[in-house]
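Chemist: Sequence:
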Amino acid sequence: GLLEKNAEDLKSGAGQYFTPRVLIKTMVECIKPEPIKTVADPACGTGGFFLAAYDFISNPKNYSLNQEQKEFLKFNTFRGWELVSTTYRLCLMNLFLHNIGDMNSEPPITRNDALIADPGERFDYILTNPPFGKKSSMTFTNEEGRQEKEDLVYNRQDFWTTTSNKQLNFVQHVRTLLKSDGKAAVVVPDNVLFEGGAGETVRKKMLETTDLHTILRLPTGIFYKPGVKANVIFFDNHPASKNSWTKEVWIYDFRTNIHFT
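For the sequence shown, my numbering gives the first residue as 1, with consecutive numbering after it.
In case anyone wonders, no lab produced these hints; they're calculated from the structure. Note that the structure is a prediction, hence the values are computed from the model and not measured. Treat the hints with care, as some may be off.
[To be verified] Only pairs whose alpha carbons sit at most 27 Å apart, straight line, appear in this in silico DSS-like list of lysine-lysine: (1) LYS37 - LYS70; (2) LYS247 - LYS179; (3) LYS74 - LYS25; (4) LYS229 - LYS205; (5) LYS242 - LYS205; (6) LYS37 - LYS179; (7) LYS32 - LYS205; (8) LYS32 - LYS61; (9) LYS247 - LYS205.
[Unchecked claim] Distance ranges between label pairs, derived from CB positions: (10) ARG89 - ILE36: 38 to 46 Å; (11) ASN243 - LYS70: 22 to 30 Å; (12) PRO119 - ASP55: 33 to 41 Å.
By construction, the Cβ of each residue, glycine as well, lies at the ideal position given by its N, Cα and C atoms.
Please build the complete structure, drawing on both the sequences and the hints.
Modeler: In structure tokens:
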């Protein structure tokens, strides 16, 4: 709570809103992470998804861990990226306090823009709430010495389409990070589900290459920032196939309490 409040104050302009704990817990329980498997978050904030996944895996009601599994959980399960330096430090402290990693091991978190490049690593599970805010941008100083902002477009061979839409880039990035049988739960704003152009391309490719089996439409007001309309998409990755992997999509609409396929 205090960590989240502090981080939220520090980066209120970064387009990042902290994920309510009840939503984090629900997403983890839907994914059901298993021991000796890896969990990643390319926009990890203060590490909320990692702590919830740690609690799920270490809970004796779910698994009875042997020593090897406990060691793997502490040192090898989690991998994250965080752009904002203050939040990165808060995240590391949060993880250490909750028995994830230690001062003598390689930090499980990298401080950089996760979208810049494919890190080459692949993971069993990805749980993430990427920063909201439609476009990625970078600030530079022009010839007159004034600061200007320019839309940031990521040119990546592994992406289906090139766009400055940050959320669409994160969805493509998550798909890249998954192992061929990996599972993901991603918080996305409404524009990812309804935007044309690049959005349509990403959705079409997602339906073809993954089993996008569930969409939760979250009630407005669930985030601390008023007016944020968000959804959680759940999808399972699969090896390449000439047939589309998504056969049907379950939609649970908690804005209207309607469930349909």
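Chemist: Are the hints correct? Go through all of them and say.
Modeler: For each hint, the structure was consulted:
1. LYS37 - LYS70: Roughly 12 Å separates the two Cα atoms, so the pair holds.
2. LYS247 - LYS179: 21 Å, holds
3. LYS74 - LYS25: 19 Å, holds
4. LYS229 - LYS205: 23 Å, holds
5. LYS242 - LYS205: Holds, at roughly 12 Å.
6. LYS37 - LYS179: With Cα atoms ~11 Å apart, LYS37 and LYS179 stay inside 27 Å; holds.
7. LYS32 - LYS205: OK: LYS32 and LYS205 at ~25 Å, within 27 Å.
8. LYS32 - LYS61: 12 Å, holds
9. LYS247 - LYS205: Given pair LYS247, LYS205 holds - Cα atoms ~13 Å apart, limit 27 Å.
10. ARG89 - ILE36: 38 to 46 Å: 29 Å, violated
11. ASN243 - LYS70: 22 to 30 Å: 41 Å, violated
12. PRO119 - ASP55: 33 to 41 Å: Given range 33 to 41 Å: violated, Cβ gap about 26 Å.
The structure fails hints 10, 11 and 12 (numbered hints given earlier, in ascending order).
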